[in-house]
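A.B. asks: The chain contents come next:
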Amino acid sequence: MNNIQSWGETLRLLVELAGTAAFALSGVLEGARKRLDAVGVCVVGFLAAFGGGTLRDLLLDQRPFFWVRHVDLLWGLLALCVLAMLFLRHRHFELTERGIQWPDALGLGLFTATGVDQALGSQMPALVAVLMGLITGVFGGVLRDIVCNEIPSAFNDHRPYAVCAFAGGWAYVGLWQAGAPDWLALVVCVGITAGLRALALWRNWELPAWRV
Amino acid sequence: MNNIQSWGETLRLLVELAGTAAFALSGVLEGARKRLDAVGVCVVGFLAAFGGGTLRDLLLDQRPFFWVRHVDLLWGLLALCVLAMLFLRHRHFELTERGIQWPDALGLGLFTATGVDQALGSQMPALVAVLMGLITGVFGGVLRDIVCNEIPSAFNDHRPYAVCAFAGGWAYVGLWQAGAPDWLALVVCVGITAGLRALALWRNWELPAWRV
Amino acid sequence: MNNIQSWGETLRLLVELAGTAAFALSGVLEGARKRLDAVGVCVVGFLAAFGGGTLRDLLLDQRPFFWVRHVDLLWGLLALCVLAMLFLRHRHFELTERGIQWPDALGLGLFTATGVDQALGSQMPALVAVLMGLITGVFGGVLRDIVCNEIPSAFNDHRPYAVCAFAGGWAYVGLWQAGAPDWLALVVCVGITAGLRALALWRNWELPAWRV
Numbered sequence: 000m001n002n003i004q005s006w007g008e009t010l011r012l013l014v015e016l017a018g019t020a021a022f023a024l025s026g027v028l029e030g031a032r033k034r035l036d037a038v039g040v041c042v043v044g045f046l047a048a049f050g051g052g053t054l055r056d057l058l059l060d061q062r063p064f065f066w067v068r069h070v071d072l073l074w075g076l077l078a079l080c081v082l083a084m085l086f087l088r089h090r091h092f093e094l095t096e097r098g099i100q101w102p103d104a105l106g107l108g109l110f111t112a113t114g115v116d117q118a119l120g121s122q123m124p125a126l127v128a129v130l131m132g133l134i135t136g137v138f139g140g141v142l143r144d145i146v147c148n149e150i151p152s153a154f155n156d157h158r159p160y161a162v163c164a165f166a167g168g169w170a171y172v173g174l175w176q177a178g179a180p181d182w183l184a185l186v187v188c189v190g191i192t193a194g195l196r197a198l199a200l201w202r203n204w205e206l207p208a209w210r211v
Numbered sequence: 000m001n002n003i004q005s006w007g008e009t010l011r012l013l014v015e016l017a018g019t020a021a022f023a024l025s026g027v028l029e030g031a032r033k034r035l036d037a038v039g040v041c042v043v044g045f046l047a048a049f050g051g052g053t054l055r056d057l058l059l060d061q062r063p064f065f066w067v068r069h070v071d072l073l074w075g076l077l078a079l080c081v082l083a084m085l086f087l088r089h090r091h092f093e094l095t096e097r098g099i100q101w102p103d104a105l106g107l108g109l110f111t112a113t114g115v116d117q118a119l120g121s122q123m124p125a126l127v128a129v130l131m132g133l134i135t136g137v138f139g140g141v142l143r144d145i146v147c148n149e150i151p152s153a154f155n156d157h158r159p160y161a162v163c164a165f166a167g168g169w170a171y172v173g174l175w176q177a178g179a180p181d182w183l184a185l186v187v188c189v190g191i192t193a194g195l196r197a198l199a200l201w202r203n204w205e206l207p208a209w210r211v
Numbered sequence: 000m001n002n003i004q005s006w007g008e009t010l011r012l013l014v015e016l017a018g019t020a021a022f023a024l025s026g027v028l029e030g031a032r033k034r035l036d037a038v039g040v041c042v043v044g045f046l047a048a049f050g051g052g053t054l055r056d057l058l059l060d061q062r063p064f065f066w067v068r069h070v071d072l073l074w075g076l077l078a079l080c081v082l083a084m085l086f087l088r089h090r091h092f093e094l095t096e097r098g099i100q101w102p103d104a105l106g107l108g109l110f111t112a113t114g115v116d117q118a119l120g121s122q123m124p125a126l127v128a129v130l131m132g133l134i135t136g137v138f139g140g141v142l143r144d145i146v147c148n149e150i151p152s153a154f155n156d157h158r159p160y161a162v163c164a165f166a167g168g169w170a171y172v173g174l175w176q177a178g179a180p181d182w183l184a185l186v187v188c189v190g191i192t193a194g195l196r197a198l199a200l201w202r203n204w205e206l207p208a209w210r211v
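Chains as they are written, first to last, in numbering that gives the first Met the number 0: chain A, 0 to 211; chain B, 0 to 211; chain C, 0 to 211.
Honestly, the hints are just simulated from the structure, not real lab data.
Check each hint, because a few of them may be wrong.
The list cannot tell twin chains apart, which means a pair is met if one copy fits it or any two copies do.
Under the rule of at most 20 Å between Cα atoms (straight-line distance), these lysine to aspartate or glutamate pairs were calculated in the DMTMM-like manner [what the hints assert, rightly or not]: (1) K33 x E96; (2) K33 x E93; (3) K33 x E149; (4) K33 x E205.
Please put together the full structure from these sequences, using the hints given.
C.D. replies: Printed below as a string of structure tokens:
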């Protein structure tokens, strides 16, 4: 049993690192596209990776932030940005973007689950908990786009992203209220979020636009 | 006496709901103009309606947020956004925009009064209390415009909006310091703010531009 | 000794006021360039001057904000904005911009030192303390540019600004950990930050751009 648990922990850590790296790289790519300088690229990478969780902690009034408790994450992010600036060229951008789609989907699910869990632990009502999950998963990208002076792509590319996290978040809340163990709620939430996102990308689903 | 008080409470609640709905609709309209998808429209509606009060609570370090205490407000907002997306067409936009001017002006006054009152209750100095009132009334629209990648209209359409709230806020502070009852300060603040705003719209007043 | 200390305090206050005024003026100028109205100019001036410190206090969860403790700062800022709108004309803009470069560099150094000091006092790890210094010095300008719907110039004008604060912040942390007195760490941090900034402006240093 202990063995399984420690395997689960390791797996979770791996998914978390892969997801964070994918989020950060999405920021680095957008910063590079906008011709930001080295400082700007690092800041946008940081916002994309940690902005959502930081905003959630601000709203739930929880300190210290997770990147204060785990400063190595900050150092790792800095290293990632420097490495990307040294080795990533424009011709690699499209490949990188395709490569980070899967870790990004997994990260979205995991971050959503973390946000919902933390909000439920602070006695938030169900809808607010789901919103906090959404904010954790989606608002890093929103802050990234705002700093880069774009309308957030999560709000206008008409491809399901936040709605996947919304569905996953409700699944987490439902299982939690039914008394399911934490790991099960986590796995189901990640599975639904990432699964829906993968389906949406594969089948080219589109969110309804405004009917003129 | 009790009767009057309960009538006052009901009236206040009605103004609050009408104002919140007007703020939310201004967000929905701007989101629709920018061709956001369903998720974006809801987020922008939420920011326009609750962004100012949330920012005030963050700055004053007050929890839980009012939309956590009254989750029905969130559900109502979600319903409003969905209904707007189902039934509002582009040809209704102008009419809606004209229709929400009055509840918007009343809401501006009421939100300003709420913000000033809460800041005074936290022992803030007078100027800071007025600023908190301003933030409550105006920064929902500012956040809405930032996410929609526009310069906030409150800052560059040269029509008095924040200054009306500024005047109303000082009236509240003055009456509060003179020991007037809460309801009187509230009514005067809403009256001055909404009255000035109505006058400004009616007489086409313009804020001074930068003299070249 | 007491005499020297009180001289030091006075000097520090003078630098702080000059730096704050320079930051505020940078906001006023950008607001004027974007043709904002009187309200917008004041808000952008406020964000440029106090936005960084406010964000730091939000992240470190410290209240009351410094502009709540020193409300005269707010009144002074309001006066500065009104005076600028009355007397500053477009033909003065370039001169003003050149004139505020030096107080701006000093202010950057001082604000960075303040941020690092406050974060170290809240038991933050070294890297986080330097980040808080950076945020204090740089994010006022970032908020100013976001509200004015521009990519923050600190991230894309390729002239060293945040990196100077980064170097100064590490110097502060190093001296603090070595047990040096506060005033020494402060002076060295301001000297390094402002010195590097001056050198960069004088020699036209450029941050590395993304290699295509």
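A.B. asks: If you check each hint against the structure, which ones fail?
C.D. replies: none
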